[in-house]
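Protein chains: 8
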Amino acid sequence: ARQGAPEVVYGPGKTAGEIAAVVSALLARNSGPVLATRIESAVAEAVLAAVPGGAYEPAARLLVWRPAPTGSFAVAVVTAGTSDGPVAAEAAAVAGALGLAVTVVRDVGVAGIHRLLAETGRLRAADAVIVVAGMEGALASAVGGLVAAPVIAVPTSVGYGAALEGVTALLAMLSSCAAGLTVVNIDSGFGAAMAAHRLAHAAARHASPSAPEPGGRR
Amino acid sequence: ARQGAPEVVYGPGKTAGEIAAVVSALLARNSGPVLATRIESAVAEAVLAAVPGGAYEPAARLLVWRPAPTGSFAVAVVTAGTSDGPVAAEAAAVAGALGLAVTVVRDVGVAGIHRLLAETGRLRAADAVIVVAGMEGALASAVGGLVAAPVIAVPTSVGYGAALEGVTALLAMLSSCAAGLTVVNIDSGFGAAMAAHRLAHAAARHASPSAPEPGGRR
Amino acid sequence: ARQGAPEVVYGPGKTAGEIAAVVSALLARNSGPVLATRIESAVAEAVLAAVPGGAYEPAARLLVWRPAPTGSFAVAVVTAGTSDGPVAAEAAAVAGALGLAVTVVRDVGVAGIHRLLAETGRLRAADAVIVVAGMEGALASAVGGLVAAPVIAVPTSVGYGAALEGVTALLAMLSSCAAGLTVVNIDSGFGAAMAAHRLAHAAARHASPSAPEPGGRR
Amino acid sequence: ARQGAPEVVYGPGKTAGEIAAVVSALLARNSGPVLATRIESAVAEAVLAAVPGGAYEPAARLLVWRPAPTGSFAVAVVTAGTSDGPVAAEAAAVAGALGLAVTVVRDVGVAGIHRLLAETGRLRAADAVIVVAGMEGALASAVGGLVAAPVIAVPTSVGYGAALEGVTALLAMLSSCAAGLTVVNIDSGFGAAMAAHRLAHAAARHASPSAPEPGGRR
Amino acid sequence: ARQGAPEVVYGPGKTAGEIAAVVSALLARNSGPVLATRIESAVAEAVLAAVPGGAYEPAARLLVWRPAPTGSFAVAVVTAGTSDGPVAAEAAAVAGALGLAVTVVRDVGVAGIHRLLAETGRLRAADAVIVVAGMEGALASAVGGLVAAPVIAVPTSVGYGAALEGVTALLAMLSSCAAGLTVVNIDSGFGAAMAAHRLAHAAARHASPSAPEPGGRR
Amino acid sequence: ARQGAPEVVYGPGKTAGEIAAVVSALLARNSGPVLATRIESAVAEAVLAAVPGGAYEPAARLLVWRPAPTGSFAVAVVTAGTSDGPVAAEAAAVAGALGLAVTVVRDVGVAGIHRLLAETGRLRAADAVIVVAGMEGALASAVGGLVAAPVIAVPTSVGYGAALEGVTALLAMLSSCAAGLTVVNIDSGFGAAMAAHRLAHAAARHASPSAPEPGGRR
Amino acid sequence: ARQGAPEVVYGPGKTAGEIAAVVSALLARNSGPVLATRIESAVAEAVLAAVPGGAYEPAARLLVWRPAPTGSFAVAVVTAGTSDGPVAAEAAAVAGALGLAVTVVRDVGVAGIHRLLAETGRLRAADAVIVVAGMEGALASAVGGLVAAPVIAVPTSVGYGAALEGVTALLAMLSSCAAGLTVVNIDSGFGAAMAAHRLAHAAARHASPSAPEPGGRR
Amino acid sequence: ARQGAPEVVYGPGKTAGEIAAVVSALLARNSGPVLATRIESAVAEAVLAAVPGGAYEPAARLLVWRPAPTGSFAVAVVTAGTSDGPVAAEAAAVAGALGLAVTVVRDVGVAGIHRLLAETGRLRAADAVIVVAGMEGALASAVGGLVAAPVIAVPTSVGYGAALEGVTALLAMLSSCAAGLTVVNIDSGFGAAMAAHRLAHAAARHASPSAPEPGGRR
Ligand SMILES: Nc1ncnc2c1ncn2[C@@H]1O[C@H](COP(=O)(O)O)[C@@H](O)[C@H]1O
Ligand SMILES: Nc1ncnc2c1ncn2[C@@H]1O[C@H](COP(=O)(O)O)[C@@H](O)[C@H]1O
Ligand SMILES: Nc1ncnc2c1ncn2[C@@H]1O[C@H](COP(=O)(O)O)[C@@H](O)[C@H]1O
Ligand SMILES: Nc1ncnc2c1ncn2[C@@H]1O[C@H](COP(=O)(O)O)[C@@H](O)[C@H]1O
Ligand SMILES: [Mg+2]
Ligand SMILES: [Mg+2]
Ligand SMILES: [Mg+2]
Ligand SMILES: [Mg+2]
Ligand SMILES: [Mg+2]
Ligand SMILES: [Mg+2]
Ligand SMILES: [Mg+2]
Ligand SMILES: [Mg+2]
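Quick note, the sequences are listed as chains U, D, S, E, H, R, B and P, same order. Residues in the first sequence are numbered consecutively from 1, following the numbering used here. Residues in the second sequence are numbered consecutively from 1001, following the numbering used here. Residues in the third sequence are numbered consecutively from 2001, following the numbering used here. Residues in the fourth sequence are numbered consecutively from 3001, following the numbering used here. Residues in the fifth sequence are numbered consecutively from 4001, following the numbering used here. Residues in the sixth sequence are numbered consecutively from 5001, following the numbering used here. Residues in the seventh sequence are numbered consecutively from 6001, following the numbering used here. Residues in the eighth sequence are numbered consecutively from 7001, following the numbering used here.
Honestly, the hints are just simulated from the structure, not real lab data. These numbers were taken from a predicted model, which means no experiment stands behind them. Hints are supplied without guarantee of correctness; some may be wrong.
Among chain U residues calculated to face chain R with C-beta under 10 angstroms, some are [to be verified]:
1) Ala68
2) Pro69
3) Thr70
4) Ser72
5) Ala128
6) Tyr160
7) Leu164
8) Ala179
9) Gly191
10) Ala192
11) Ala193
12) Met194
13) Arg205
14) Ser208
Capping the alpha-carbon separation at 20 angstroms, the derived lysine to aspartate or glutamate pairs in EDC-like fashion look like this [unchecked claim]:
15) R:Lys5014 x D:Glu1165
16) H:Lys4014 x S:Glu2119
17) E:Lys3014 x B:Asp6107
18) P:Lys7014 x P:Glu7057
19) R:Lys5014 x R:Glu5045
20) S:Lys2014 x U:Glu40
21) U:Lys14 x P:Asp7107
22) U:Lys14 x P:Glu7165
23) S:Lys2014 x S:Glu2057
24) R:Lys5014 x D:Asp1107
25) D:Lys1014 x E:Asp3107
The beta-carbon is built from N, C-alpha and C at its ideal position, and this holds for glycine as well.
Bound conformation, chain U alone (with noise of 0.2 angstroms):
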């Protein structure tokens, strides 16, 4: 990757010390923001011991090296209820680690309308929205009826039964009679943020096209 540019490594099936060499060389070849996801606390702290400068956010099972200053773009991220919360804390951490302004806007579940409605104008004012839903994932058509800006949508594995481990909102998505939705993989709160440092990347080269780029993949 280019000088810049966020380097992320998955962390399940690997060990501490596979992580830990993982990142260092990541960290000496480049001088972007390291990132590395889905980390259960035990092997968070055997790595930070390994690779000093780094930071752990639990709730998003995320460490990072070198964040990114904050910059303009801004993104809300928005969940339907509280066990969508890993997902959408996931999404923040890594956009926020990524430069973007983040903002969380949580349960506002299009069962009970108008809560969602109270937060229209946070909404609004963000860039981009990421909304994080299980179950039938409702919450995604609503807001992209609420805003114009580009909404990315990740589905969560909450629920039972016909929920089917999250397909059921993935598919609801997918299918929204909201135009112009777009949609990542199930619990990845990672992608969804991957998608925003995409947006924001198109924004910041399009408002001046000659300047360095805010990180990427050129």
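Following the hints, put chains D, S, E, H, R, B and P with the ligands in place on chain U, whose structure we already have.
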């Protein structure tokens, strides 16, 4: 079936002659409404010619003989979009033929939430609400949060791709974050109307347990 | 929620401390019943110690504070087999806590149809019937043919192989040849009870439209 | 195949000429019944013109040459509803052509359980029962509980939406709470009749092990 | 159930005490065999201590009281591979306890077709054949072509990936090109044995219609 | 919708007359572009005759009135193969009508990776990339690795058998190893264009927050 | 593609004119065989008129220009039943056009295992075997056990109900108990022939690594 | 199996004692390699103690006795990402034990296409390529376009959500736009190696038809 209870013939796969024969027998054997569902107009004409006294509602593809007088139980039939119309028409026409007082609220999908909220009064005035929605079926959750009355959700096969011919809306409605919704089969406006009829029956009986039943299977 | 309406906390994924905090807040904010579902006994004990005045029903894994007084709306909860017991227990306990008059009819699966027929009287005495059945879920169709009242079918994850963890029973109930059945999510005794509560609400309101509501979301 | 055993040609995808050729060859090579299944009437006429001595049963879409004399093994073919008729007709016609003594019991779906019970005598008189049912397929479970004889369940593609073109009835029959049911492919009246023929073979052989077989593959 | 008919308790989800209670009641109420399936050895010991006179077959995880005397109806249980052993053991043990004469033919999967052909004699000697196979389940088709007797196919959950925990074998057996196969649920050695028992019943009754039944549900 | 925002009518299931009526109303009520999607040429002619001022793009099956002037936001629409053409045409035509500057890069599927690499320059010049691919949808991953800009992946129903009418490409794109891709519904060139329009909106607003919006839902 | 390598045009969705244009370009640009698959006879005639020198094989729906001379690599194409014929024809015709020496072995499905065994010699004489089978696809496992050569299994969409349009055969072949089978897409006679062509290439190259390649993608 | 052919024991569900017994028998009965797959290290130690002369490869979870001498047929095993390592290790170790000359090319997923292209030389040097990839499995298509040799694609269960435990990669590989790919079961490094062994066999035989076979099933 008991005297006064409705009888319903399912049209597909039967000739006009077969339908006429069954309908005639049911009219003779009983005293309540007799319906035939999913009837194309050419077939309807032939059946009406053979069994006088009936009426055809083309939008609902429904034939009705001896409709029940309209009672006091109020049902609102709500649709998400234009394409959900035929299923809603079937629900409304069957419910009307069974003596329910029907109101139709059209095109209030959650991507335009303010249109739905503007109809809150009409929705809350109903004794039961039938929600007809395809694609992601999110309307059921929003309505379920707005009214305290029973909600019968009808997923429709409207949409393409990930909508999976109604399966996505079905799964979404069953996984709804709005508590106490109930669901019927895909495109089954008929099933929803029959469920509403059972509700009307229960309400009437509950009000005056010893009174004669308004139609049912006792 | 409006004064007097029930509030329900979903237990899974929350600590005893978190549950206690939410329940305390709900008890303070409102005057109706407060429930917590899917609570294991160890957690229940800790929550009850922190929030006095509640009661735990182990078979239903339910915690209840301020149960509603039992009213006149009668619900029969019917099961196909022994393994459907826990889901039926949840349905019965939640319905009871919301003020419905609950009867339980056990182990009347259709493979022994005479046992079911012997219970026809108790089934017909109810204002609504909740049918709890796994495997092929055939009991819902049989009950739907025996009673004129609303039937709420709850598929359970009982069975193996082709039972597909409840999906088969779910699909079967939705495809039932008995008209007007409604269905809730797999294993959702809670959902069925909430649906019955909506029915009781509709019946009460219908009987005396101007009277205060027995609990709901108005 | 051995002398006297039945031979069956599968019609779809073959021209009348091709069917006539295969049937002629089979008639010459063997001495038992020769059948052709799923034949539309126009094709049937052409084949019968080319290969004399056969008969066409339109409801079953079956062509038969040299039907076996009717023996003592009694099979009841039971249907849930009118739409299951064609599949039942195929089962009955194939079984009859193979020498089984066939009774048909119609329209006894579980939503009207008393109609089924009224037929208990005819069902118990059979040596084997073929149950033909679509939608939720619940009839198989009810019959399985009423008779001690072998039950061969045939799911049909009757129904819409959640009936999934017969898959729901198939899964339901395989998950039945009635022990010892067996299941054949969706809409395979042919398969059920062949399974019944195997049963008749086993019963005859068991009764007099040294006697010549009534038709089979030995 | 009628005097002499078998009674079977399904173990999973029940305590040793509950199983013992049900078994005792069944032994008292009836005179035929009583079985409990899917019982782990520790539970079995406790149940046997509480209800004397029973025996435990660990490979089949089966408890049996009052097994039926072995009769003349011969069943061959055939397996494709070593891993199909436990399901075959359940089929064989249940069939044996119900009075069938059982032979087991092991490890004759179609990838080594000559091993299967070498067993043709034993297969043809049986009155019925139970085929137990996982992965692609091809053994059922091969056996169906070798014998004229009834074939009951039991798909197993053996295999990984595309084997889909038995669903692939199930679908394959239902789609078999060998005519007249019948299929039971995945891993249901029990179901296959009960189906064989129904066959034995039919054969015995057919041989001497007025004789007392060998066990069933009449 | 707000003044200047686009309005889109979904054609299927509507007559030319109905489409003309809706389009006329939208043209009168608002000042932005009005589109109708999935319109066959015969219908298009009739609608254009009734509502003058529109234009029809046959490859995209799109009708457009009052297209927006082309702005500075550049979108590349990339296809894997010839058969993906119609979906790409819809994406390109809708995006163009909404004022985006569109480039189309054709037939660069990953089986000929050098053709894709030869287009790297055109891809990197775009502010956002829409990838249209059926079959296994691998092109989205390859493009995601080549550009830092937002990637909107559109799975198409091109392919047969295991391609499952677009479901395979959909699942593959959602599971992509290239981070930050987003996905829309199968064959939804429309959805991808609307998502790109949201991006353009965000970029424009980000560049000059106080300027009037280029079209949206505010 | 390199000089001498085959080029293949996929016909569906293209007009005769479009096909003729592509074929002409490929004939001019390269020196190897040029094929067009899935071409109906009317289209074929038009294309042949426009691009002389080609030949049409109707059973395979294949157009061929400049077929490769037949080499020494021998491929056996084996089918389970009559209905698998068209897919086998495509496999055989494409393989032949690419220079492979093709033998076809017909109708040796496992339900008649002795017919298959009688062909063992022809099967073992081949350098590679293509197995074409629908329904349960069991033939692949049986052939895999009979030969040591590479086996390419082609599932077909032959069958109904549980055959799921070829998905069952596909899953079964992938789960085969015969080790080292490989599988291509449903109905893809073309894919199997191309895979065999890759094998011939590898064998030829392995035999004389420095010799010119017999056609491929280098 | 014939003298010299490999024998492979499937470990899961077998005790160390059972594995040792089967391996000993196979070593005695034959002269070729004997393998045991999917063996955990503790079990491996016990088996090696009981059956001397074997070796354990922990990354591949493989036990090998009498490995074949390495021949001239070259196989490249290519992986998309780190998590695909264990499946690739099984493929490489089994192939090596069967006498193939194995090269491993790691971590060349299509999201970083230049890393893959940099390995083109090593890939083209191989007689056959095994591609191991999870998530969307796109690597198989890219490799299929780069080499003319046979490609055996192994989907892995790496990924989450829409990756559906390997089903997505499986379907994607079967739907690949690169012609002539073949596919084996999910996570079946073993199956891919056995398929490669069949290829080596074919190539050797083709080169010198009368020479003794390098191992197989003849
Ligand atoms: N057992 C249950 N199944 C489904 N939903 C439930 C259950 N128990 C409570 N709920 C719903 O969960 C929501 C509360 O979720 P939470 O805020 O996480 O406690 C409320 O809308 C309840 O109606
Ligand atoms: N309706 C049917 N459904 C399934 N299989 C059938 C049917 N009719 C005939 N067959 C079987 O199809 C095979 C004959 O196929 P064919 O050679 O194509 O005529 C025989 O094995 C028959 O047992
Ligand atoms: N091709 C399309 N695919 C999906 N949605 C569409 C398409 N064209 C229009 N729409 C949406 O359909 C809705 C209009 O539907 P209707 O009222 O039926 O015309 C609007 O929300 C549009 O955004
Ligand atoms: N990892 C594996 N995956 C699939 N099949 C295997 C594997 N290892 C061995 N086998 C096959 O399993 C069979 C032996 O099974 P078993 O008799 O249970 O040891 C042989 O046909 C092997 O080819
Ligand atoms: Mg939600
Ligand atoms: Mg909708
Ligand atoms: Mg049940
Ligand atoms: Mg039925
Ligand atoms: Mg097997
Ligand atoms: Mg593609
Ligand atoms: Mg076949
Ligand atoms: Mg991958």
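Hint by hint, here is what the structure shows:
1. Ala68: 14 angstroms, violated
2. Pro69: 17 angstroms, violated
3. Thr70: 15 angstroms, violated
4. Ser72: Since the shortest Cβ distance to chain R is 7 angstroms, the answer is holds.
5. Ala128: For Ala128 of chain U, the interface hint holds, since the closest Cβ of chain R sits about 6 angstroms away, which is under 10 angstroms.
6. Tyr160: 22 angstroms, violated
7. Leu164: Nearest chain R Cβ about 13 angstroms off; hint violated.
8. Ala179: Hint on Ala179 of chain U: holds, closest Cβ of chain R at ~4 angstroms, below 10 angstroms.
9. Gly191: Since the shortest Cβ distance to chain R is 6 angstroms, the answer is holds.
10. Ala192: 8 angstroms, holds
11. Ala193: Cβ of Ala193 of chain U sits 8 angstroms from chain R, so the hint holds.
12. Met194: 3 angstroms, holds
13. Arg205: 7 angstroms, holds
14. Ser208: This hint holds: Ser208 of chain U lies near chain R, its Cβ roughly 8 angstroms from the closest one there, short of 10 angstroms.
15. R:Lys5014 x D:Glu1165: Distance of about 18 angstroms is within 20 angstroms: holds.
16. H:Lys4014 x S:Glu2119: 25 angstroms, violated
17. E:Lys3014 x B:Asp6107: Holds: Lys3014 of chain E and Asp6107 of chain B sit about 15 angstroms apart, inside 20 angstroms.
18. P:Lys7014 x P:Glu7057: Since the Cα atoms of Lys7014 of chain P and Glu7057 of chain P sit roughly 19 angstroms apart, the hinted pair holds (cutoff 20 angstroms).
19. R:Lys5014 x R:Glu5045: 14 angstroms, holds
20. S:Lys2014 x U:Glu40: 18 angstroms, holds
21. U:Lys14 x P:Asp7107: Between Lys14 of chain U and Asp7107 of chain P the Cα gap is close to 15 angstroms, so the pair holds against 20 angstroms.
22. U:Lys14 x P:Glu7165: 18 angstroms, holds
23. S:Lys2014 x S:Glu2057: 19 angstroms, holds
24. R:Lys5014 x D:Asp1107: 15 angstroms, holds
25. D:Lys1014 x E:Asp3107: Given that 20 angstroms is the threshold and the Cα spacing comes to 15 angstroms, the pair holds.
This entry does not satisfy hints 1, 2, 3, 6, 7 and 16, going by the numbered hints stated previously.
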